[in-house]
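> With these hints in hand, go ahead and build the complete structure from the sequences.
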Amino acid sequence: MAVTEKELQEILAQYPSKVQKNRTKHIFIKDGAESAQVIEANTRTIPGIITNRGCAYAGCKGVVLGPLKDMVHITHGPIGCGYYTWGTRRNKAQSDDPTQNFLNYCVSTDMQESDIVFGGEKKLAKVIDEVMDIFHPKAITVSATCPVGLIGDDISAVARSAESRHGVPVLAFSCEGYKGVSQSAGHHIANNILMERVIGASETEKAAGKYPINILGEYNIGGDSWEIERVLKEIGYTIVSVMTGDGSYEELKNAHTAELNLVQCHRSINYIAEMLETKYGTPWLKVNFIGVQGMSESLRNMALYFGDKALIAKTEEVIAREVTRIEPLIEQYKKICDGKTAFCFVGGSRGHHYQGLFAEIGIETVLAGYEFAHRDDYEGRQVIPTIKTDADSKNIPELHVNADEQRFRLKVSPEKMEELKQKIPLSDYAGMAVTMKDGSVIVDDLNHFETEEFIKILKPDIFASGIKDKYVIQKMGIPAKQLHSYDYSGPYAGFNGAVNFARDVSMGFASPTWNFIVPPWQDEPLLTGTVTEEGVA
Amino acid sequence: MLDCTPKEHKERNSGGAINPAKTCQPLGAMYAALGIHGCLPHSHGSQGCCSFHRMHLSRHFREPAMASTSSFTEGASVFGGGANLKTAIKNVFAIYNPEVMAVHTTCLTETIGDDIPNIIKSTEVPEGKIVIHANTPSYVGSHITGFSNMTKGMVSYLAEATLPVKREQVNIIPGFVNPGDMREIKRIVKVMGIKSIMFPDTSGVLDAPMTGKFTMFPQGGATVAQIKDSGNSKLTLALGRFASSDAAELLVQKCQVPATTLKTPIGIKATDALLVALRRAFAQEVPYELEEERGQLVDIMTDTHFHFHGKQVGIFGDPDIVIGLTELVLSLGMKPVHILTGTPGGAKGSVTGSFEEEIQAMLASAGVTANIKSGGDLFTFHQWLKNEPVDLIIGNTYGKYIARAEDIPLVRVGFPVLDRSVHSYLPIVGYRGAMRLIESISNALLDRADRDAADADFELVM
Numbered sequence: 001m002a003v004t005e006k007e008l009q010e011i012l013a014q015y016p017s018k019v020q021k022n023r024t025k026h027i028f029i030k031d032g033a034e035s036a037q038v039i040e041a042n043t044r045t046i047p048g049i050i051t052n053r054g055c056a057y058a059g060c061k062g063v064v065l066g067p068l069k070d071m072v073h074i075t076h077g078p079i080g081c082g083y084y085t086w087g088t089r090r091n092k093a094q095s096d097d098p099t100q101n102f103l104n105y106c107v108s109t110d111m112q113e114s115d116i117v118f119g120g121e122k123k124l125a126k127v128i129d130e131v132m133d134i135f136h137p138k139a140i141t142v143s144a145t146c147p148v149g150l151i152g153d154d155i156s157a158v159a160r161s162a163e164s165r166h167g168v169p170v171l172a173f174s175c176e177g178y179k180g181v182s183q184s185a186g187h188h189i190a191n192n193i194l195m196e197r198v199i200g201a202s203e204t205e206k207a208a209g210k211y212p213i214n215i216l217g218e219y220n221i222g223g224d225s226w227e228i229e230r231v232l233k234e235i236g237y238t239i240v241s242v243m244t245g246d247g248s249y250e251e252l253k254n255a256h257t258a259e260l261n262l263v264q265c266h267r268s269i270n271y272i273a274e275m276l277e278t279k280y281g282t283p284w285l286k287v288n289f290i291g292v293q294g295m296s297e298s299l300r301n302m303a304l305y306f307g308d309k310a311l312i313a314k315t316e317e318v319i320a321r322e323v324t325r326i327e328p329l330i331e332q333y334k335k336i337c338d339g340k341t342a343f344c345f346v347g348g349s350r351g352h353h354y355q356g357l358f359a360e361i362g363i364e365t366v367l368a369g370y371e372f373a374h375r376d377d378y379e380g381r382q383v384i385p386t387i388k389t390d391a392d393s394k395n396i397p398e399l400h401v402n403a404d405e406q407r408f409r410l411k412v413s414p415e416k417m418e419e420l421k422q423k424i425p426l427s428d429y430a431g432m433a434v435t436m437k438d439g440s441v442i443v444d445d446l447n448h449f450e451t452e453e454f455i456k457i458l459k460p461d462i463f464a465s466g467i468k469d470k471y472v473i474q475k476m477g478i479p480a481k482q483l484h485s486y487d488y489s490g491p492y493a494g495f496n497g498a499v500n501f502a503r504d505v506s507m508g509f510a511s512p513t514w515n516f517i518v519p520p521w522q523d524e525p526l527l528t529g530t531v532t533e534e535g536v537a
Numbered sequence: 001m002l003d004c005t006p007k008e009h010k011e012r013n014s015g016g017a018i019n020p021a022k023t024c025q026p027l028g029a030m031y032a033a034l035g036i037h038g039c040l041p042h043s044h045g046s047q048g049c050c051s052f053h054r055m056h057l058s059r060h061f062r063e064p065a066m067a068s069t070s071s072f073t074e075g076a077s078v079f080g081g082g083a084n085l086k087t088a089i090k091n092v093f094a095i096y097n098p099e100v101m102a103v104h105t106t107c108l109t110e111t112i113g114d115d116i117p118n119i120i121k122s123t124e125v126p127e128g129k130i131v132i133h134a135n136t137p138s139y140v141g142s143h144i145t146g147f148s149n150m151t152k153g154m155v156s157y158l159a160e161a162t163l164p165v166k167r168e169q170v171n172i173i174p175g176f177v178n179p180g181d182m183r184e185i186k187r188i189v190k191v192m193g194i195k196s197i198m199f200p201d202t203s204g205v206l207d208a209p210m211t212g213k214f215t216m217f218p219q220g221g222a223t224v225a226q227i228k229d230s231g232n233s234k235l236t237l238a239l240g241r242f243a244s245s246d247a248a249e250l251l252v253q254k255c256q257v258p259a260t261t262l263k264t265p266i267g268i269k270a271t272d273a274l275l276v277a278l279r280r281a282f283a284q285e286v287p288y289e290l291e292e293e294r295g296q297l298v299d300i301m302t303d304t305h306f307h308f309h310g311k312q313v314g315i316f317g318d319p320d321i322v323i324g325l326t327e328l329v330l331s332l333g334m335k336p337v338h339i340l341t342g343t344p345g346g347a348k349g350s351v352t353g354s355f356e357e358e359i360q361a362m363l364a365s366a367g368v369t370a371n372i373k374s375g376g377d378l379f380t381f382h383q384w385l386k387n388e389p390v391d392l393i394i395g396n397t398y399g400k401y402i403a404r405a406e407d408i409p410l411v412r413v414g415f416p417v418l419d420r421s422v423h424s425y426l427p428i429v430g431y432r433g434a435m436r437l438i439e440s441i442s443n444a445l446l447d448r449a450d451r452d453a454a455d456a457d458f459e460l461v462m
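As given, the protein sequences belong to chains E and X, one line each in that order. One point on numbering: in the numbering used here, the residue at position 492 of the first sequence is 492, and numbering is uninterrupted. One point on numbering: in the numbering used here, the residue at position 58 of the second sequence is 58, and numbering is uninterrupted.
Hints may contain errors.
[To be verified] Per the computed footprint, the stretches of chain X lying under chain E, defined by three or more beta-carbons under 8 Å from a beta-carbon of chain E, are:
# : region
1 : 9–23
2 : 95–107
3 : 128–140
4 : 317–329
[What the hints assert, rightly or not] Facing chain E, a subset of chain X residues (Cβ under 7 Å, in silico):
#  : residue
5  : C4
6  : S51
7  : R54
8  : F72
9  : T73
10 : E74
11 : N91
12 : T302
13 : D303
14 : T304
15 : H305
16 : F306
17 : H307
Source of the hints: derived by calculation from the structure; they are not laboratory data. Every residue gets a Cβ at the ideal spot worked out from N, C-alpha and C, and that includes glycine.
Right under this line is the structure:
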């Protein structure tokens, strides 16, 4: 089942002409014969279209900063923003010192009308003082919300003065919700300040342990990062920091000591990955820890980078053992899933990452897309030089870093780098489109209307997206799998994650509840009897 | 769990919140707007708000919560969002075709001062379609205020007094309660033999059935015709002062429909008050069916009083619900010792004074003293519990962290309940709702007694 170009045009023709013109550029049908299919992405949302997107504050505080457990994250704004990012993303964390784990707290300046009128700087300063007094955190972040920028509160100045008052870092993030066009702006804003103020802030020059690595763009949803770390540690890697799942200010300060940076979510963290390479000479490797194939390939690529024979051997040993262990477990679920089709529409990375795992259990992804990814996430990083920053995003600050005079060190010789780049995705990401089958649909910023239309044509067996869609889809009698929150399950990453995912997806198909949707009397005539020549007997 | 919360209570006077017991206005406005049939709520602001509010409603109800947004960019934030709203209105009607669009605002659009009525007036709205609005600044009040403001918006745009003599019908403004509660209130009024108009009414919207088909605008919701006709009713009952009385007052002014504000009918006293008000206004006898339910409730309360009597309880949540729950637990002989709402103070035009005074008055007549706070947060509530532990907490899902930290049973009531299902389908109001609450409270206390009992003290019959 596929969507024809004609069917696509029929969907788009239902839009008002301006909307049609716009949306046409955000959708394409994969055709390998056509070289370089271009998509428009990271542009403003059409008002009234019913988007799934969120805002820059969500991308900054909710996604990148929120998981850092030993920092108190203060939301400077009215109560909603802080409240909605309180416990709703499942970035898990545990701490040796539970009095320094603030993930279950929501701190807000709870701005009132008078703060809007007279400014909220004094209140923010007081809240920071109270936080220091009550919690004594290692560091504090302050995230701005919509009205903060408009009324002109200078949160950087308040943060600076609080920092000198208390002697701990107070980081200000100007992630007002209206900045950029989506969560993506918030990722960038968070990346800039973390790079500037946290990464490399320690005196440590050398990581304690072999093969030191950072895991970038991994937020430990449902324990993903722990499952990845379990395997990496067994192989022999030293994990310096995770950005930012179960992450901490204390670990992040040492991130400059790694020999390799792994990038799981390209969209949210590629800025830091690039800057780490420029500043410290540390290359980054695009990994995908989702799915048995993705996990195994990523581990092999890592081993190849370090090039150590013992490491390569240990990698193969662990992969072989894990795969042997989990294959029979997955096999039973595969029997239920085989031959089915999926839509995979998730934020800025999972729309791609999960396609491999779906395929491993026999499910083909026929439509995929992102809420807020950029063209490079669709088409690959080679298109970056051709991306024009439009008016809506050009106000997101670009941070330029230079090589650190003391600390910059090429981790791999330029010749070796070139050689490795032929084999593994070093400092590169090929994007989602390249791995998708011809005829599959790729949609950017999929909205409610298109969701319904594509479902009518493609009739997927399962729809992977988020909470706002979930019940819409299920009302249609189609299982919906949340790939943001994992429907409160997990981990889904790594080897054990693949088993959990296969179990949960097959549960979605096998549940008896779907059989009850149609009441028995709707299949049955009201009157039963036989028709004779005289009438009904 | 919550290991960073110290027992020692220091005065916090910054005005900031730690672990809030409220959220912001637009969520309540979105919920109210979903209680109009064929309505698409519209959030005039940047799109993050709209996503958050939809997500939160979906998590509580396990249902779709549709809404559109003006999707502000920085340019609109500086130069005004008129163009965004106009585009949104055109697109929404062209693509989604609702009967009504109900626009609410956010802190962004309130701060820049977009003039919504003017923007709406200068936008072409398709024939027969309606756009209403409410200003819902997030930096004032709470989600309850937002619910109240959108309900007021319904009155100001739609209600009309067209008849010389008022109809024998009652308007019911149910407040920020679940669809299950709205169904139960409608049933009670129907059993009383009285015609009613309920608005907003989310039953049939946020508890819609599974049919195999998605309907963007489900069967439920108060119709525009009904809300218009509310101007012709003989009486408005505003259930819950914080959520409902402002709209009822506006109906008095605009359409001369007399209004009575009652407590949210949680527990026997508040349900009695509802029936008495209906009986008096419409000269209708209370039918045996309801007397039977009431008698069953009293029977249960009597049979089980020893489960509850003297047990100490902490209650938090939205003000109208907390007021009702406080009255309910007092009627069971329990002792509420910590009572808190995140919603600030006494609402404008407040009928019976502030939240704190109202609670204080109830406790005084029962001879109980307690910590009482409006505009408080769960950090304060937790510190109270650390210093004066209780036998039971009644509140929303956020209470589970405190319940775990202090090893106290939690009964989940109110909004939001994000970690249990079914709650939104079944009522907590009316005599039947009271039975359900009593069952939940009783089960929580007895499960705890079973868990804690030594083997020799483990009872078969309790």
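> Does each hint hold? Answer for all of them.
Outcome of the hint check:
Only residues whose C-beta sits within less than 8 Å of a C-beta in chain E count toward coverage, and the region 9–23 of chain X has 12 of them, enough to reach three; the restraint holds. Counting residues of the region 95–107 of chain X whose beta carbon lies closer than 8 Å to any beta carbon of chain E gives 4, which reaches the threshold of three, so the coverage claim holds. With 4 residues carrying a beta carbon less than 8 Å from a beta carbon of chain E, the region 128–140 of chain X meets the three-residue requirement, and the given coverage holds. A stretch counts as covered by a chain when three or more of its residues have a beta carbon under 8 Å from one of that chain; for the region 317–329 of chain X and chain E the count is 0, and the coverage is violated.
Of the supplied interface hints, the one on C4 (chain X) holds, with its beta-carbon coming within about 5 Å of a beta-carbon of chain E, less than 7 Å. For S51 (chain X), the interface hint holds, the least distance from its beta-carbon to any beta-carbon of chain E being 4 Å, beneath 7 Å. Because the beta carbon of R54 (chain X) sits about 5 Å from the nearest beta carbon in chain E, less than 7 Å, this interface hint is met. Because the smallest distance between the Cβ of F72 (chain X) and any Cβ of chain E comes to about 5 Å, under 7 Å, the interface hint for this residue holds.
Satisfaction of the interface hint for T73 (chain X) is found here, the shortest Cβ-Cβ separation to chain E being roughly 5 Å, below the 7 Å cut-off. Below 7 Å, beta-carbon pairs count as interface contacts, and E74 (chain X) has one with chain E at about 5 Å; its hint therefore holds. This hint holds: N91 (chain X) has a C-beta 4 Å from the nearest C-beta of chain E, less than the 7 Å allowed. Because the smallest distance between the Cβ of T302 (chain X) and any Cβ of chain E comes to about 40 Å, over 7 Å, the interface hint for this residue is violated.
Because the closest C-beta pair between D303 (chain X) and chain E is about 36 Å apart, greater than 7 Å, the hint is violated. Hint status for T304 (chain X): violated, given a least beta-carbon distance of 34 Å to chain E, over 7 Å. The criterion of a C-beta within 7 Å of any C-beta in chain E is not met by H305 (chain X), whose closest approach is roughly 37 Å, and the hint is violated. Here the hint on F306 (chain X) is broken, as its CB sits about 36 Å from the closest CB of chain E, past 7 Å.
With a cut of 7 Å, the hint placing H307 (chain X) at the interface with chain E is violated, because the nearest CB-to-CB distance is about 31 Å.
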